[in-house]
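Colleague: Here is what each chain is made of, one letter per residue.
2 protein chains.
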Amino acid sequence: MDIGVAFGRAVKLRRTELDLSQEELADAAGLARSFVSGIERGVSSASVQSVWKLSVALDCLPSDLWLSAERVYRDAKKR
Amino acid sequence: MDIGVAFGRAVKLRRTELDLSQEELADAAGLARSFVSGIERGVSSASVQSVWKLSVALDCLPSDLWLSAERVYRDAKKR
Numbered sequence: 100m101d102i103g104v105a106f107g108r109a110v111k112l113r114r115t116e117l118d119l120s121q122e123e124l125a126d127a128a129g130l131a132r133s134f135v136s137g138i139e140r141g142v143s144s145a146s147v148q149s150v151w152k153l154s155v156a157l158d159c160l161p162s163d164l165w166l167s168a169e170r171v172y173r174d175a176k177k178r
Numbered sequence: 100m101d102i103g104v105a106f107g108r109a110v111k112l113r114r115t116e117l118d119l120s121q122e123e124l125a126d127a128a129g130l131a132r133s134f135v136s137g138i139e140r141g142v143s144s145a146s147v148q149s150v151w152k153l154s155v156a157l158d159c160l161p162s163d164l165w166l167s168a169e170r171v172y173r174d175a176k177k178r
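Residue numbers (the numbering used here), protein chains in the order written: chain A, 100 to 178; chain B, 100 to 178.
I should point out that these hints are in silico values taken from the structure, not numbers from a laboratory.
Do not take every clue at face value.
Any copy will do: because identical chains look the same in the list, a pair fits if it lies in one copy or spans two.
Calculated cross-link-like contacts (lysine-lysine; reagent style DSSO-like; alpha-carbon spacing at most 30 Å) [to be verified]:
1) LYS177 <-> LYS111
2) LYS152 <-> LYS176
3) LYS152 <-> LYS111
Build out the structure end to end from the sequences listed, making use of the hints.
Modeller: Structure representation (structure tokens):
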């Protein structure tokens, strides 16, 4: 698994935890819905600034998103 | 302080902790030295993939770099 895919899964996990749509997350973060969709699928890469905006909109810290992404990445490697 | 500047300081803190030059870090991460310099000054923005490469080269996890960046950002806000 690519690390970008793992990061995207972490974003999606947190978004669904908060019961937000991609549209609602995009609006709250001030990002395009297509960009958020691309990040979640691991085809778009989020910059430091975008990660920050996403984490604020997801009511967590960038380190929380990354801790989750690292778990996803580690678990995928075990399979 | 911009979050990009805080992230750059976190990268520099860890790099100097390991007594690495920008050149050595860039080589180890497979990134251009000018890009690493830009990230450390907060003028270039690292993607999810670049943050991963930097963290591997810095023998830590992206969440460690972000935890450090969050501290730098929080401390700067207090001043």
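Colleague: Hint by hint, say whether it matches the structure.
Modeller: Against the structure, the hints:
| no. | hint | result |
| --- | --- | --- |
| 1 | LYS177 <-> LYS111 | within (21 Å within a copy, 32 Å between copies) |
| 2 | LYS152 <-> LYS176 | both (29 Å within a copy, 17 Å between copies) |
| 3 | LYS152 <-> LYS111 | both (15 Å within a copy, 23 Å between copies) |
In this structure, every one of the numbered hints holds.
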